[in-house]
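Start from the sequences and build out the full structure, keeping to the hints where you can.
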Amino acid sequence: MAIRKFAFLVVLGLMAAACGNGSGNPTSSGPKHGGTLTVAIGIDPDTLDPAAQTTTTASQVVDMMVERLYTLDSNGATQPQLASAMPTTSSDGLTYTIPLRTGVKFSDGTPFNAAAAKAGLDRLLNPATFKTQPGVLSVIDTVTATDDKTLTVKLKSPFAPFVAALTQTNAAILSPASLTVNGNTPAQVKVPVGTGPYVMKDRVNGDHIAMTANKDYWGSQKPNYDTQVIKIVPDDPSREALIRSGGADVIVSPPLSDLPSLSSDSSLKVLKAKSDRTLQIIINTVDTNQPLLQKPEVRQALNYAVNKDEIVKNVMFGNATTLDAPMSKTLFGYCSVGTYAFDPSKAKQMLQAAGASGMTVKLGSPTGRYPQDIKVAQAVASYLHDVGVTVQGPETSDWPTYLGHVNVPPAQAAFDMHFLGWAPAYLDASQQFEQFRPDRIPPKGLETSYYANPTVTDLVTKAAAEVDQQKRKDEYCQASKQVWNDAPWIFLYNQSFPIVYSAKVTSVGAFPNEKFDTRFASPA
Amino acid sequence: MSIRALDTAEPGLRDLTAPELGAQTARGRFWGKLRRSPSALVGLAILALYVGLALVGPLVAPFDPGHDVLRDQFLPASVHHFLGTDDLGRDEFLMILYGARYTLYLGFLAVGIGLIVGLPLGAASGYFGGWVDLLVQRLTDVLLSFPGILLALALVAGLGVGLRNVIIAVGVSSIPIFIRLVRASALSIRELPYVEAARALGVPNWLILLRHVIPNSLAPVIVQATLQLGAAILVAAGLGFLGLGVQKPTPEWGSMLGEARTYIFTDANLVTLPGLAIFGAVLAFNLVGDGLRDALDPRLK
Amino acid sequence: MLTYVARRVLVSIPTVFGVATVIFLMVRLLPGDPARVIAGVLATPEDVDRIRHQFGLDQPLYVQYVTYLFHLLTGDLGTSTRTGQPVTQEIVSRLPYTMELAVVSTVIAVVVGVTAGVIAATRRGSALDLAISALAVFGLSMPVYWLGLMLIILLAIDIHAFPAAGAQNPLGFVLPSITLALFSLALVARQSRSAMLEVLNQDFVRTARAKGAPLRTVLVKHALRNALLPVVTVIGLQFGALIGGAVLTETVFSWPGVGRLLVDSIFSRDYPVVQGVVLMLAVAFILVNLLVDLLYAYVDPRIRYS
Numbered sequence: 001m002a003i004r005k006f007a008f009l010v011v012l013g014l015m016a017a018a019c020g021n022g023s024g025n026p027t028s029s030g031p032k033h034g035g036t037l038t039v040a041i042g043i044d045p046d047t048l049d050p051a052a053q054t055t056t057t058a059s060q061v062v063d064m065m066v067e068r069l070y071t072l073d074s075n076g077a078t079q080p081q082l083a084s085a086m087p088t089t090s091s092d093g094l095t096y097t098i099p100l101r102t103g104v105k106f107s108d109g110t111p112f113n114a115a116a117a118k119a120g121l122d123r124l125l126n127p128a129t130f131k132t133q134p135g136v137l138s139v140i141d142t143v144t145a146t147d148d149k150t151l152t153v154k155l156k157s158p159f160a161p162f163v164a165a166l167t168q169t170n171a172a173i174l175s176p177a178s179l180t181v182n183g184n185t186p187a188q189v190k191v192p193v194g195t196g197p198y199v200m201k202d203r204v205n206g207d208h209i210a211m212t213a214n215k216d217y218w219g220s221q222k223p224n225y226d227t228q229v230i231k232i233v234p235d236d237p238s239r240e241a242l243i244r245s246g247g248a249d250v251i252v253s254p255p256l257s258d259l260p261s262l263s264s265d266s267s268l269k270v271l272k273a274k275s276d277r278t279l280q281i282i283i284n285t286v287d288t289n290q291p292l293l294q295k296p297e298v299r300q301a302l303n304y305a306v307n308k309d310e311i312v313k314n315v316m317f318g319n320a321t322t323l324d325a326p327m328s329k330t331l332f333g334y335c336s337v338g339t340y341a342f343d344p345s346k347a348k349q350m351l352q353a354a355g356a357s358g359m360t361v362k363l364g365s366p367t368g369r370y371p372q373d374i375k376v377a378q379a380v381a382s383y384l385h386d387v388g389v390t391v392q393g394p395e396t397s398d399w400p401t402y403l404g405h406v407n408v409p410p411a412q413a414a415f416d417m418h419f420l421g422w423a424p425a426y427l428d429a430s431q432q433f434e435q436f437r438p439d440r441i442p443p444k445g446l447e448t449s450y451y452a453n454p455t456v457t458d459l460v461t462k463a464a465a466e467v468d469q470q471k472r473k474d475e476y477c478q479a480s481k482q483v484w485n486d487a488p489w490i491f492l493y494n495q496s497f498p499i500v501y502s503a504k505v506t507s508v509g510a511f512p513n514e515k516f517d518t519r520f521a522s523p524a
Numbered sequence: 001m002s003i004r005a006l007d008t009a010e011p012g013l014r015d016l017t018a019p020e021l022g023a024q025t026a027r028g029r030f031w032g033k034l035r036r037s038p039s040a041l042v043g044l045a046i047l048a049l050y051v052g053l054a055l056v057g058p059l060v061a062p063f064d065p066g067h068d069v070l071r072d073q074f075l076p077a078s079v080h081h082f083l084g085t086d087d088l089g090r091d092e093f094l095m096i097l098y099g100a101r102y103t104l105y106l107g108f109l110a111v112g113i114g115l116i117v118g119l120p121l122g123a124a125s126g127y128f129g130g131w132v133d134l135l136v137q138r139l140t141d142v143l144l145s146f147p148g149i150l151l152a153l154a155l156v157a158g159l160g161v162g163l164r165n166v167i168i169a170v171g172v173s174s175i176p177i178f179i180r181l182v183r184a185s186a187l188s189i190r191e192l193p194y195v196e197a198a199r200a201l202g203v204p205n206w207l208i209l210l211r212h213v214i215p216n217s218l219a220p221v222i223v224q225a226t227l228q229l230g231a232a233i234l235v236a237a238g239l240g241f242l243g244l245g246v247q248k249p250t251p252e253w254g255s256m257l258g259e260a261r262t263y264i265f266t267d268a269n270l271v272t273l274p275g276l277a278i279f280g281a282v283l284a285f286n287l288v289g290d291g292l293r294d295a296l297d298p299r300l301k
Numbered sequence: 001m002l003t004y005v006a007r008r009v010l011v012s013i014p015t016v017f018g019v020a021t022v023i024f025l026m027v028r029l030l031p032g033d034p035a036r037v038i039a040g041v042l043a044t045p046e047d048v049d050r051i052r053h054q055f056g057l058d059q060p061l062y063v064q065y066v067t068y069l070f071h072l073l074t075g076d077l078g079t080s081t082r083t084g085q086p087v088t089q090e091i092v093s094r095l096p097y098t099m100e101l102a103v104v105s106t107v108i109a110v111v112v113g114v115t116a117g118v119i120a121a122t123r124r125g126s127a128l129d130l131a132i133s134a135l136a137v138f139g140l141s142m143p144v145y146w147l148g149l150m151l152i153i154l155l156a157i158d159i160h161a162f163p164a165a166g167a168q169n170p171l172g173f174v175l176p177s178i179t180l181a182l183f184s185l186a187l188v189a190r191q192s193r194s195a196m197l198e199v200l201n202q203d204f205v206r207t208a209r210a211k212g213a214p215l216r217t218v219l220v221k222h223a224l225r226n227a228l229l230p231v232v233t234v235i236g237l238q239f240g241a242l243i244g245g246a247v248l249t250e251t252v253f254s255w256p257g258v259g260r261l262l263v264d265s266i267f268s269r270d271y272p273v274v275q276g277v278v279l280m281l282a283v284a285f286i287l288v289n290l291l292v293d294l295l296y297a298y299v300d301p302r303i304r305y306s
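Chains as they are written, first to last, in the working numbering: chain A, 1 to 524; chain B, 1 to 301; chain C, 1 to 306.
Hints in this document: simulated from the structure, not taken from any laboratory. Check the hints yourself; a few may be wrong.
[What the hints assert, rightly or not] Restricting the straight-line Cα-Cα distance to at most 16 Å, the calculated cross-link-like pairs of lysine to aspartate or glutamate (EDC-like) are:
1) 444/A with 49/C
2) 444/A with 46/C
3) 190/A with 202/A
4) 313/A with 72/B
5) 118/A with 147/A
6) 462/A with 439/A
7) 269/A with 517/A
8) 504/A with 147/A
9) 118/A with 141/A
[What the hints assert, rightly or not] Going by beta-carbon spacing under 7 Å, a handful of chain A positions derived as facing chain C:
10) 133
11) 135
12) 207
13) 233
14) 235
15) 400
16) 444
Nothing here was measured: the structure is a model prediction, and the numbers come from that model. In this text, a Cβ means the ideal position worked out from N, Cα and C, and glycines have one as well.
Rendered as structure tokens:
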């Protein structure tokens, strides 16, 4: 009796499960419009609240629904989005006057205007906003709606990359009317409503986010798919299995080792998008445990000892370019400053001359934070071993534990060298130089080489307030040369951001800060 | 008896708490039976292979598997590389070989922790009764309330990853099962006439525990410890697989398997082989454990 | 009976309290600053401080503990530091997926396991018995995550028969359910085999057979019914293995259940969710075992007075 009842319940449960799973199947063919696009990403967004965004993949999902005053184009240049043109700047660099688009409506019908734009930025700056991340935009002093189509922003101090910083997802403009409906509160937004080409439909945490096309989208390009489903598939090979079997139309970050075979598959296309992320072995430049690392010539020798081209080719499977500056090529302020060509015998000589032959260093690396991270660290250890350096490790752990070991003041440093990536989200050299400013040494930042060179500090400080863009560029270039020479890092590579999509889809793009762009994708 | 541990649900084990094992003939029968048990023999053979490889392997191995030759990555099996090479060009056979040492070491230490803590606590709990028993039993209840891998998972998350912490975590999670086992047998032994007599004669409690209580519970403990070795290896490898266990570059099978998932399309062998190694080790301990139980359990003659 | 029930329920209360305390302490030992992890590497120190304050992580440990216990009494498991949603809501939204796997796996394990066990017992010593027993040991020794990956290689990658990941496809539950079921199946098969053997050896069964009753009748009418009780116990107990297995299986198959929620939360230092999930699973396990005990006591009155 009891068993029969149990069996009945089981059958009921199965039926319910089957029904619950029946919806949202991908259709990968169809007309130029309509149908569903399924995109598989690896990260489950913590929250879709623009103000609390920390990862680029999650930000891109939000960007499909909510727009900002300015945006990056696919080359990384700043362009107006909800602003109608670039702002005018006062001569002291403190006041920005931003002209706004007219006739734009949020997807809930609320008109977009200066008051809405002001509310968006104010919300980001308001400490009561849940997990808000104003970051560099804390430089904003006041935001004023001068009239319906003009916004005036006053800064606390001059900040040259201000407009670029406004392209970040956290500066997105939400419909003011949406902040009190659908479970949203002014402090915390669960369903973001903006002016973007797609509108949130539903979300199952850990599984998917579904969006429908915004039929009244204001832009000249229109959303082509009726629905886009963002699937959460944390495991790289599982995403690959999905696109190979037709369960997804677009995937980001497949296993790097499979890109050659994916590229040769005629039903698939591979886009190796540019990235802003540099990867490096950071050296403790004030190391007391291994004081030899305090000498620039020792650090240079380590740069010569590591075969970066081989690492790029065999560990990154060609999905990176060797660094020739302490930042990626996509940044404003980049200039090529040199190479440390692989030369183990030179490295050995330099180490010997500095009395560092056979020195021992402890190396740390995270596991699972960057593509191939621990593998790269192991390869580096192997190269250092070849020039007579004894490497302890690489000691590794998951990201939060690792960050806890690394994010410490010099006196508590756990490693002599450690692997880290750095990705300046709005593509400005000022963000990269957060890594070389002594005022960003933990706990005030994440400058974990503890590097300090007054020449660099002066140049960077000057550049941050410089209004003349060419002068700013030159200052960063000069600072880069100095950093390169001082070698606080073993400069490794700038990774790329691979996206694989079905040949049945067209117009899949990317931004050079590891954001994919399927907003205007359409059936091929 | 609020929560019974999973493995004690095995038939016979629960009734096995106080077997009469001591006479010379019984011991002879035991070995005779064990020798005739095919499962135990197969298990012992696999174990001997693993132990042999773990001990001899490093002596004859041509090079250190921790050193990589990037150009040789993903080579197929050949005369030079018995099982091919991994993503960093290291010999997969040697990696697995070295893994055997870590796996056995980890399993024995973890179960050792379970025994060292579990035996005295269980014996005291059953023998003394009263508040000692109450305290130990509540503690055991709490530990047994974490289903499956969960206690080890939570512990290792708290302690941090790495070989030592994995041993502690897996060790702690095997404590309660030994407490339960020894307590049950102590409960029955303390009522036996000769134990009561010893007590009346003024033999100190610790001596009674050492001479009578613990030896009398050894049979089920040996069986359980063998099975627990398999379970410990399984849990430790599971943690490694999740990235919460022994960390790279230590060639631990679970973490090798977890890392190799990325290459499931490129070189599926890197996924298959470490898993096979784990499976073999766990199987061996389970087979030996089964054989021991059959040999020790009077009911299944 | 009522006193027994009351006593057993009362005994469970300190256990739950102990579990809650142990979980709180373990989770607080986690290395790494959660505020920093939440904020991301590019956050300013002010951002990090604000987040630390928003989650009460700047409070002394005992204050956090008292708050935690107090909230627990009111059924409040706290707020996820990752998503800002109530932990109960996070768990409830993931629970159906885990339940789906658990129920399907249990059904597979019981149906296949009992059948195999009974067949093995009635043909004791035959080749079939040997094969079933061997397969059962294999099942108990198989790492679930490895089994899952092997199934993915064979059935999802090589022949595209089933999806390798996710819960959206109606066939998506097949591979994870099989993976999760195997351990329990092996356990149930072994248990049914030995329970059945025991019953078949008892006098009343022998008598029935001696009287000429056909084997099928004897099995169904007498043996199976008596052998079922120990099997029920195993089904209760394998719940623990099922939960442990779910953590690994859901990770292998990108399945959005509570197991993966737990692993993700450990990696993102989401204290409240780790606490909540572990507590929820432990309490569920305690309850299942309580039910099994009560069931036992109901059937076998001797237990109540022991």
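(message) Need the list of violated hint numbers for this structure, in ascending order.
(response) 8
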